[in-house]
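Participant: So the chains spell out like this:
2 protein chains.
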Amino acid sequence: MLNFTVGPVMSSERIRNIGSEQVPYFRTSEFSEIMLENEQFILKYSKAPLGSKAVFMTCSSTGSMEAVVMNCFCEHDKVLVIDGGSFGHRFVELCRIHNIPHIALKLDHGKKLTRERLYEYDGQGFTGLLVNVDETSTAVLYDTMMIGEFCKKNNLFYVCDCVSAFLADPFNMDECGADIMITGSQKVLACPPGISIIVFSPKGLEKVEQSNVKTMYFDLKEALKNQERGQTPFTPAVGILIQINERLKEIEKQGGVDSEVERIAGQAKDFRKRIEKLPFELVSESPANAVTSVHPTTAIAYDIFLKLKDEYDIWVCPNGGDMKNSIFRVGHIGAITHEDNKTLVDALIDLQKRGII
Amino acid sequence: MLNFTVGPVMSSERIRNIGSEQVPYFRTSEFSEIMLENEQFILKYSKAPLGSKAVFMTCSSTGSMEAVVMNCFCEHDKVLVIDGGSFGHRFVELCRIHNIPHIALKLDHGKKLTRERLYEYDGQGFTGLLVNVDETSTAVLYDTMMIGEFCKKNNLFYVCDCVSAFLADPFNMDECGADIMITGSQKVLACPPGISIIVFSPKGLEKVEQSNVKTMYFDLKEALKNQERGQTPFTPAVGILIQINERLKEIEKQGGVDSEVERIAGQAKDFRKRIEKLPFELVSESPANAVTSVHPTTAIAYDIFLKLKDEYDIWVCPNGGDMKNSIFRVGHIGAITHEDNKTLVDALIDLQKRGII
Numbered sequence: 001m002l003n004f005t006v007g008p009v010m011s012s013e014r015i016r017n018i019g020s021e022q023v024p025y026f027r028t029s030e031f032s033e034i035m036l037e038n039e040q041f042i043l044k045y046s047k048a049p050l051g052s053k054a055v056f057m058t059c060s061s062t063g064s065m066e067a068v069v070m071n072c073f074c075e076h077d078k079v080l081v082i083d084g085g086s087f088g089h090r091f092v093e094l095c096r097i098h099n100i101p102h103i104a105l106k107l108d109h110g111k112k113l114t115r116e117r118l119y120e121y122d123g124q125g126f127t128g129l130l131v132n133v134d135e136t137s138t139a140v141l142y143d144t145m146m147i148g149e150f151c152k153k154n155n156l157f158y159v160c161d162c163v164s165a166f167l168a169d170p171f172n173m174d175e176c177g178a179d180i181m182i183t184g185s186q187k188v189l190a191c192p193p194g195i196s197i198i199v200f201s202p203k204g205l206e207k208v209e210q211s212n213v214k215t216m217y218f219d220l221k222e223a224l225k226n227q228e229r230g231q232t233p234f235t236p237a238v239g240i241l242i243q244i245n246e247r248l249k250e251i252e253k254q255g256g257v258d259s260e261v262e263r264i265a266g267q268a269k270d271f272r273k274r275i276e277k278l279p280f281e282l283v284s285e286s287p288a289n290a291v292t293s294v295h296p297t298t299a300i301a302y303d304i305f306l307k308l309k310d311e312y313d314i315w316v317c318p319n320g321g322d323m324k325n326s327i328f329r330v331g332h333i334g335a336i337t338h339e340d341n342k343t344l345v346d347a348l349i350d351l352q353k354r355g356i357i
Numbered sequence: 001m002l003n004f005t006v007g008p009v010m011s012s013e014r015i016r017n018i019g020s021e022q023v024p025y026f027r028t029s030e031f032s033e034i035m036l037e038n039e040q041f042i043l044k045y046s047k048a049p050l051g052s053k054a055v056f057m058t059c060s061s062t063g064s065m066e067a068v069v070m071n072c073f074c075e076h077d078k079v080l081v082i083d084g085g086s087f088g089h090r091f092v093e094l095c096r097i098h099n100i101p102h103i104a105l106k107l108d109h110g111k112k113l114t115r116e117r118l119y120e121y122d123g124q125g126f127t128g129l130l131v132n133v134d135e136t137s138t139a140v141l142y143d144t145m146m147i148g149e150f151c152k153k154n155n156l157f158y159v160c161d162c163v164s165a166f167l168a169d170p171f172n173m174d175e176c177g178a179d180i181m182i183t184g185s186q187k188v189l190a191c192p193p194g195i196s197i198i199v200f201s202p203k204g205l206e207k208v209e210q211s212n213v214k215t216m217y218f219d220l221k222e223a224l225k226n227q228e229r230g231q232t233p234f235t236p237a238v239g240i241l242i243q244i245n246e247r248l249k250e251i252e253k254q255g256g257v258d259s260e261v262e263r264i265a266g267q268a269k270d271f272r273k274r275i276e277k278l279p280f281e282l283v284s285e286s287p288a289n290a291v292t293s294v295h296p297t298t299a300i301a302y303d304i305f306l307k308l309k310d311e312y313d314i315w316v317c318p319n320g321g322d323m324k325n326s327i328f329r330v331g332h333i334g335a336i337t338h339e340d341n342k343t344l345v346d347a348l349i350d351l352q353k354r355g356i357i
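Sequence lines, in order, name chains P and F. The first sequence: position 120 = 120 (my numbering), numbered continuously. The second sequence: position 23 = 23 (my numbering), numbered continuously.
One or more hints might be untrue.
A pair counts as met if it fits within one copy or between any two copies, since identical chains are not told apart.
[Claimed, not checked] No more than 20 Å apart at the CA atoms, straight line, and that leaves these computed lysine to aspartate or glutamate pairs for EDC-like: (1) K207 with D77; (2) K249 with D322; (3) K269 with D340; (4) K207 with E75; (5) K106 with E276; (6) K44 with D340; (7) K221 with E93; (8) K214 with E75; (9) K307 with D122; (10) K78 with D303; (11) K309 with E30; (12) K203 with D219; (13) K273 with E262; (14) K221 with E13.
If you are wondering where the hints come from, they were derived from the structure by calculation, not from laboratory data.
Based on the provided sequences and hints, a complete structural model is requested.
Facilitator: Encoded structure:
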């Protein structure tokens, strides 16, 4: 099975082999060292400012999105949410659930966020901004530098959910001025799902320190306090954290974050070139590197997903909700190569020959 | 490394091998089938009444404890919490955080819950009861049938956290009348940590249905709705769920839940017999099968943990907080044998010969 979804993605043999080892007991100095090393790598790769910290949460990235919304905002805030797809909309829902005053800046699927649209909200008393840097449902990449400038001008607490953008698109937490960065184990980190990661700038740390949030599992103050000694408040997904450690070192050996971003950009470019002659429209005005969102003009998107899975042993990533029939996605993250792209495109060409697309 | 902690525990080779396979994409009918099969096995093994359901949460068991407290109780409740150690106390903390009126029935470490102590709270307007069936910090097993009778008499919503008791001690959800059962992937299920499981009786389901809880990640109504088709609202720890599936089938092949309970009881009995002549006191008045809590009378408990780890390549389970120096624990769950018990006890005897204990 060849996996082009956007998570879980293919893992390297090295990472998979760790999955077959016994999972160690974790309240030990040995495991603490691994956790502290993981934190240092994540801070380095997110280009976080001096004094930043990171924690590792055992939950999906939605759990971390919720933890951040709960710990960093309250009923006295006024938050601008970039709502361009399923994941942006999830932030809107989280604000609604937690009674945080918010406005959704709605974008049609596939549309990029322009300076004009953003500055409609300039000087209007907002206190924070939430954005999924790669709106993974449509593969739209937002401009973190432009948004950062807006946040700086308006003095907004700036949350970048980089779940599928981290290590796939250039991101400089320090330069763009983000206060929080979120990612997950099953995207470019190419480990099994189960861990998500939150990075805090010094301003992010200060915000969490002041919070009186009513939660045990998502109490980020406790998570930070435990991470100081390389631990977690509760039993974490220990095995995945060890795989993440190996993967972070693998990225380092292969040239670090910029090389990894370049590799994935190359994987995306190669795929997009190969499908030029197929009856597909690219959905995103501002394509992210991690994933290509494709609108097939001659077939139902979900049918293509099923055909590829059942007849070619290839997974692409279906969309949900009202995008189910119009869009499917092809990921460029994980242990896949240009040769794998060829295998997928050959299958698509075969579907075309068979009159299915 | 030989692991006698209470989680993560040793996994069988079969389960570990799955850890080296690629983690599949999960929004598929194939994965749904696995999830539905997992649910059926869990309902069977917890001896849940007809009409019960189960969900699989990607979080530690504390996450599920919090989800249950949030979804099943509110400020109009009055909850009795059996507080005999660290985990009982966690339920007390959860009630405090979520503004749920509660009384802690405090027991000294190692003490069992007697009928007399329990019935001090009879007829006092309680609406619910929270108990960690095996208070894992001290290895005290509570009597779920006796508590169930009390809950029935007082019409209490009855929550059994069976994290380390499930599949280790006899538990019959139907007969004891529990409304909720909680467990985790890294205890007798002997898979890596990252998944916890909640079982709901029909009354438990009804309670969740009526809840207006303010949470996305811990919204059990959504989890139940998704599990109907074998799915989860957010990306779960897919790899661990597949390992759980294999493990549940493994237990079935080996004779089912009663055989597994018997196997672990045998493992505990064998260990306790072997240490009879060592300078140890057993802490628990009502020993659980999953773990033995040991008070060394001639040495510091935490030092024994460190010596065994660093000089014998054996992990036992240290205690935390005020039990750190007085108690260590030895687990009887996971892929360990009587022969492994011998190896551990030989190491302890060697420590004794060396004058360390």
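Participant: Using 20 Å as the alpha-carbon threshold, which applies to K249 and D322: within, between, both, or neither?
Facilitator: neither (40 Å within a copy, 38 Å between copies)
Participant: Evaluate K207 and E75 at a C-alpha cut-off of 20 Å and name the case that applies: within, between, both or neither.
Facilitator: within (14 Å within a copy, 28 Å between copies)
Participant: At 20 Å max between alpha carbons, let me know whether K44 reaches D340 within a copy, between copies, both or neither.
Facilitator: neither (30 Å within a copy, 43 Å between copies)
Participant: What label fits K221 with E93 when the C-alpha limit is 20 Å: within, between, both, or neither?
Facilitator: Between copies only: 16 Å across chains, 23 Å inside a chain, cut-off 20 Å.
Participant: At most 20 Å between C-alpha atoms: does K78 with D303 qualify within a copy, between copies, both, or neither?
Facilitator: neither (42 Å within a copy, 52 Å between copies)
Participant: Using 20 Å as the alpha carbon limit, work out where K221 and E13 are close: within a copy, between copies, both or neither.
Facilitator: neither (36 Å within a copy, 38 Å between copies)
Participant: Please work out whether the CA atoms of K207 and D77 approach to 20 Å or closer within one copy, between two copies, in both situations, or in neither?
Facilitator: within (12 Å within a copy, 33 Å between copies)
Participant: Can you give me the call for K269 and D340, within, between, both or neither, at a CA distance of at most 20 Å?
Facilitator: within (13 Å within a copy, 54 Å between copies)
Participant: Using 20 Å as the alpha-carbon threshold, which applies to K273 and E262: within, between, both, or neither?
Facilitator: Classified as within; 16 Å inside a copy, 61 Å across copies.
Participant: From the Cα coordinates, with 20 Å as the cut-off, is the pair K203 and D219 best called within, between, both, or neither?
Facilitator: within (17 Å within a copy, 30 Å between copies)
Participant: Reference check for the pair K309 and E30, CA-CA at most 20 Å: within, between, both, or neither?
Facilitator: Intra 42 Å, inter 11 Å, cutoff 20 Å: inter-copy only.
Participant: From the Cα coordinates, with 20 Å as the cut-off, is the pair K214 and E75 best called within, between, both, or neither?
Facilitator: Answer is both: 14 Å inside a copy and 14 Å across each meet the 20 Å cutoff.
The earlier numbered hints that this structure contradicts are 2, 5, 6, 9, 10, 14.
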